[in-house]
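**Q** Chain by chain, the residues run as shown.
Protein chains: 2
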Amino acid sequence: MASIPDFSKGQPCEGTSGVLPAIAQDAASGRVLMMAWMDQVAFDETLSTGQAVYFSRSRGRLWRKGETSGHRQRVTEIRIDCDADAILLQVEQVGAACHEGYASCFFRVVGNDGGATIADQRLVDPASVYGKA
Amino acid sequence: MASIPDFSKGQPCEGTSGVLPAIAQDAASGRVLMMAWMDQVAFDETLSTGQAVYFSRSRGRLWRKGETSGHRQRVTEIRIDCDADAILLQVEQVGAACHEGYASCFFRVVGNDGGATIADQRLVDPASVYGKA
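Here the protein sequences line up with chains W and Y, keeping their order.
Counted from 1, the first sequence has number 40 at position 40 by full-length UniProt numbering; the numbering is strictly sequential.
Counted from 1, the second sequence has number 104 at position 104 by full-length UniProt numbering; the numbering is strictly sequential.
Keep in mind that the hints were calculated from the coordinates and are not lab data.
Remember, it's a predicted structure, so these values are computed and weren't measured experimentally.
Every residue, glycine too, gets a C-beta built ideally from N, C-alpha and C.
There's no promise every hint is true.
Pulled a few chain W residues facing chain Y out of the computed Cβ check, cut under 8 Å [stated by the list, open to error]:
| no. | residue |
| --- | --- |
| 1 | Met-35 |
| 2 | Val-75 |
| 3 | Ile-78 |
| 4 | Cys-82 |
| 5 | Ala-86 |
| 6 | Glu-92 |
| 7 | Cys-105 |
| 8 | Arg-108 |
| 9 | Val-110 |
| 10 | Gly-115 |
Next comes chain W alone, as it looks inside the complex (with noise of 0.2 Å):
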C-alpha cells in the first residue's frame, strides 16, 4: 500500500528510493530527541510495529532503533508534513535517544559568537551501552 510520505522527494541514498528526514519527539515532555532518515521500508516496518525504525545511511541498512542500546522507542503517532516529505514521530523513548548516552541529541547550545555549549546531563555512560564509548 502505498503511504503517505513521499518518498520520491527524499534524498538519493544507496539501497533506497530515497530517504526522508524523520523528527523522534518525546510523547511526554515535547523534547525533540534525534533526527534521522527513513526510507520507505522503515517508514512501513515503524507503522506496522509501532516501534520507530530508520535507515542508516553510514550502515546503509535498516537501523532498529535500539537493536544494540536497547533505547527502543514505541511510537504513539506519526506526523507528516505540508509537503510529505518530512516525518514526525512521537515516541516513548526507552532509556537515551543519543549513541552519547543524552537524552538527546541535541544536547548542545550555539551560542552568539558560534561555539557550541554541552548544556545537558548524560543519562547513561555509553561504554556502559555499547561497549566503548
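Got chain W; can you put chain Y on it based on the hints?
**A** For chain Y alone, kept in the frame of chain W given last:
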C-alpha cells in the same frame, strides 16, 4: 568564523556548500512547527540576526522565513546534534508556520492504515496571506 554545524556533511544542493536539516520548535508550546534546510550562509544570518533564515531548495536561494507572509520566527535558542549535522531552533512564531495556514506544517496524522487525516485547525486563510492558496 567556522560554525559548529558541519555543512560538509550536508546534502549537496546547488548554490551552497551543502544543506542540513533544521527543525523549528515553538519555544512556548514545544510544538514542532516545521523542518527546512539551512546552508552555511542561512545559518550565519540566523545566528547574527536572531531571525530564522533557511535555504529554499525549490527556489534555490535564501529564504528569510516570513518575508512574504510576515510570519517570522524569532530564534531564542539554537542547538546542534551529536553529529553536528542537524539543527534545532527554538522560535517565537508570528502567525502560522505553515504556508497552508496551519500553526505547524505537521497538521496531518498518519493512521494505522497509512492514510493521513488533518488533525488541526487552520489559523489563517492562506489566500489572505499569499494572495492565493
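**Q** Double-check Ala-86 (chain W) for me: the hint is only fine if its C-beta lies closer than 8 Å to a C-beta in chain Y.
**A** 4 Å, holds
**Q** Hint Ile-78 (chain W) vs chain Y: min CB-CB distance below 8 Å?
**A** At 4 Å from the nearest chain Y Cβ, Ile-78 (chain W) passes the 8 Å test, so the hint holds.
**Q** Taking 8 Å as the limit, does the beta-carbon of Cys-82 (chain W) come near enough to a beta-carbon in chain Y?
**A** 5 Å, holds
**Q** Once the shortest beta carbon distance from Arg-108 (chain W) to chain Y is found, is it less than 8 Å?
**A** 5 Å, holds
**Q** With a cut-off of 8 Å on the beta carbons, see whether Gly-115 (chain W) makes it to chain Y.
**A** Since chain Y brings a Cβ to about 7 Å from Gly-115 (chain W), closer than 8 Å, the hint holds.
**Q** Would the stated hint for Val-110 (chain W) survive a check requiring a Cβ distance to chain Y of less than 8 Å?
**A** 4 Å, holds
**Q** Closer than 8 Å between Cβ atoms is the bar; does Glu-92 (chain W) clear it against chain Y? Give me holds or violated.
**A** It is violated, given that the least Cβ distance between Glu-92 (chain W) and chain Y is near 16 Å, above 8 Å.
**Q** When the nearest CB of chain Y is found for Met-35 (chain W), is that gap smaller than 8 Å?
**A** Nearest chain Y Cβ about 4 Å off; hint holds.
**Q** Could you check if Cys-105 (chain W) really has its C-beta closer than 8 Å to a C-beta on chain Y?
**A** 4 Å, holds
**Q** Taking 8 Å as the limit, does the beta-carbon of Val-75 (chain W) come near enough to a beta-carbon in chain Y?
**A** 10 Å, violated
Checked against the numbered hints given earlier, this structure breaks hints 2 and 6; the rest are met.
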